[in-house]
Amino acid sequence: MQRVQKMRVRKHQVVLNRSVGGDTGIFVFLAIMGVFMFLPMVYVIMQSLKPLDELWMFPPRFYVQNPTLKNFGDLFSLLSDSWVPFSRYIFNTVIITAAGTFGNLLFSSLAAYAMAKIPFPGRKFAFKTVQLSLMFTPTVTSIANFLTLSTLGLLDNLLALIIPAWGSTMGLYLMKQFMDSSISNDVLESARLDGCGEFRTFWTIAMPMVKPGWLTLIVFSFQGLWQMGSSIYIYSEQFKTLNYAISQITAGGIARAGAAAAGTVLMMIVPIVVFLISQSNIIETMASSGMKD
Amino acid sequence: MEERKDNNENSVEIDETEALTEAENDPAVEDMPSDLHTDNSVAEEKDMPEASAPTAKKKAVARKDMTALQWTWHEMKRNKVAYLMIAPFMLVFLTFTVFPVVLSIILSFTSFNMLEMNSDMWIWFDNYTRLFFDDDVFLLACKNTLVFATITGPVSYMLSFLVAWFINELSPRIRSFVTLIFYAPSFSGSLYVIWSTLFSDDSYGWVNGTLLDLGLIDEPILWFHNEDYAMTLCIVVALWMSLGTAFLSFIAGLQTMNRSLFEAAAVDGIKNRWQELWYITLPSMKPQLMFGAVMSITGSFGFGGVVTALCGFPSVNYSCHTIMHCLEDYGSQRWEVGYASSIAVVLFFIMIGANILVNKMLSKVGQ
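So the protein sequences, as listed, match chains A and B.
In this text, residue positions in the first sequence follow my numbering: the first is 1136, and each later residue adds one.
In this text, residue positions in the second sequence follow my numbering: the first is 82, and each later residue adds one.
Calculated lysine-lysine pairs in the DSBU-like style (CA-CA distance at most 35 Å, straight line):
| id | chain 1 | residue 1 | chain 2 | residue 2 |
| --- | --- | --- | --- | --- |
| 1 | A | 1427 | B | 224 |
| 2 | B | 161 | A | 1346 |
| 3 | A | 1427 | B | 445 |
| 4 | B | 158 | A | 1346 |
| 5 | B | 161 | A | 1263 |
| 6 | B | 367 | A | 1427 |
| 7 | B | 224 | A | 1263 |
| 8 | B | 367 | A | 1263 |
| 9 | B | 161 | A | 1427 |
| 10 | B | 367 | B | 441 |
| 11 | B | 445 | A | 1259 |
| 12 | B | 441 | B | 224 |
| 13 | B | 445 | B | 352 |
| 14 | B | 367 | B | 224 |
| 15 | A | 1346 | B | 367 |
| 16 | A | 1346 | A | 1263 |
| 17 | A | 1259 | B | 158 |
| 18 | A | 1259 | A | 1427 |
| 19 | A | 1427 | A | 1346 |
| 20 | A | 1259 | B | 441 |
| 21 | B | 367 | B | 352 |
| 22 | B | 158 | A | 1263 |
| 23 | B | 367 | A | 1259 |
| 24 | A | 1427 | B | 441 |
| 25 | A | 1263 | B | 445 |
| 26 | B | 441 | B | 352 |
| 27 | B | 224 | B | 445 |
| 28 | B | 161 | A | 1259 |
| 29 | A | 1427 | B | 158 |
| 30 | A | 1346 | B | 441 |
| 31 | B | 441 | A | 1263 |
| 32 | B | 352 | A | 1427 |
Don't read these hints as lab results, they were simulated from the structure.
Could you put the whole structure together from the sequences, leaning on the hints where they help?
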C-alpha cells in the first residue's frame, strides 16, 4: 500500500515535509542559540545601568536592581576631561565615516556599472581581481600600505583612513552583482539609443534602479568605518577616533567599569539602529550576492 | 553620446546595438584570449543559419579583417568611457590593495627595516628559512592559526547556513527580529569586550562569581589569561561573532528560492526537510554558498584584533598567538619590515589557498 504523505497546515497554508518533531527540535536549537547570542548584549546593557555598589557586589548579579544613568554621565565627564576634547573624537569618526562612505559609494557604483553593463575588454579580468581581493584580509597589506602612505605624506592624517576606504571591494562586488540581476539591458539600450551618454544613463537610469544596493553599500561601509579603532597610520591624539577614545576608557580598568559599559552600549546602538532601518533593502541586495563562475 | 556616434562613424559598418548585444553574448570578446579569437569567429560563421547570412557575414568579415589585437583595440576605443568610469576606483584599489601585495612580495626578499637601504639588503630566501626553521614563535602561531581557522571557519559557515535555513520559515516580522539578534554581535563596534567582563579574572566577573558562589571552584580562574582556556574561549567568541555577511547572504538566497520547486519535490517523493535541503535547497543556493565560504574563511583568518583585545598582546605563553600577531609584532613594533613582509606573504598565500581549495570543493555540490 502506498504511504500517504502526511499533510500539515500552518496558518492556513499546507506545509510540506515538515514534521512536528523537527519543528520542535529547530525551535529548541534556535532558542538556545538565540540566548547565547543575546545574553552578552543584555549583560552589557545591564552593566551600563548598574550603580557602583551593584557593579562590585558579590556574588555578582546578572540583572540590575536599581537602574541608574549615572554611568553615562560618568562617561561624558571622563571624556570631557580628556586631553583632547571629546567633540574632536566624534568629529573625526563622523568625518571618516561620511567621507569614506561617500567616496566608496561613488567610486564603487561607477565602477560596478561599467563592469556590469558596458562590454569593455578586460572587465572580466578586473572583476576577477576584485573577487580575489575578497579572499584576504587588510592585515596582509597593512605594512606595505604604511610605506605607501608615508611616501604620499598621508601618515597621521585622516585621509590615511579615508582614501583606502574608497577602494573597498565588498561594496563594488555587491553592487556589480546587484546591477547584473536587477537592471535589464533593454532599458539601458533604449536610453543609449535616445542619445543618453553613459554617465547620464548611469546617473538617471541605473542608479535609481539600484537604491537597495547603495543603501547596503552605505551600511556596510558605515559599519566598517564606525568601528575603526586605533590604527598604525595615526599617532597624534587629535586624529584618533571615537572607538579609540572609548576603548581607552575600557582599558582604564575596574574603576571605570560602569563608564566603559556605557560607552560600549553607545557604540553598539548606532549600527544596530542603522541596520534595523535598512534591513529589508540589505536582504534584497544580498539575494544577488552569490558567486557565479 | 557624441563620443559613441563618432566611434560608430569611424568603425566598420556594424549596427551599433547589434554589435553591442553580440559582444555581450560572446565571451571571447570580453576575455580577449587573442589566439582563440580567430577560431571563434570562424566557428561563428559556420554556425550562422542561411537566412541571416548577409549580416552575419558582414560582422564576421568586419572582425576577420582585423587581427584579434586590432579588434580588442577597436572595442576598447568604442567603450573608452567605461575606463573613465572604473578609473577612480581602480586607482585606489590598485594603490592600496594590489600594489601592497606586490610590494610585500618584493620586500620579503630583503632585510629592509625602514632605516637602512643598501645593496646588501637583498637576502632572498633567508627570511623564509628563518620563518620556517628558526622562529619557534612563528611555527606556534601557524599552528594556532590553523587550529583557529579550521574550527571557526567550517563551524561558523555551517552555523550561518543552519540558522538562516531554520529561520526562513518564520513570519517576516519575527524573522527580521531574529536576524537582528543573530547578526548584531558581528558588527556592533567593540561589543565583544563584554566577554572579558563576563569572564574577568577576579571574583567580580559574572562567571567566576557564579562558580565561586555555587562552590564549584575555590579561587577565580584567569579565563583569558590561562593557557588552558584562552584559546577555547577565543573560539567561542569568534563563533559568537561569526554570523556576518555570509549569514545575510544565505537568508536572502533562501528567501528568493522558487517555492514551486519544493512542491514538485514533495510530489516526486521527497520525504523530509533534510532530503529537501540536500536535493533542492543546497544545489540551487550554490552561488550564495560560494560567496559565504569566502566570507567565512576570510573572517576566520582575520580575527587577530579581537584576540588582542581579549587576551592581551602577546597572550600568555603565546597560547593565542596567531600569524596576524607575528605580523603586528615584527611589522609595527620592531619595524623589521622585510621579515614582516615575508609573514604577510605567507598569510596571503594561506588565505588564498584555503579559499581556492574550498571553492573547488563546493563547486562539486549537487553535481
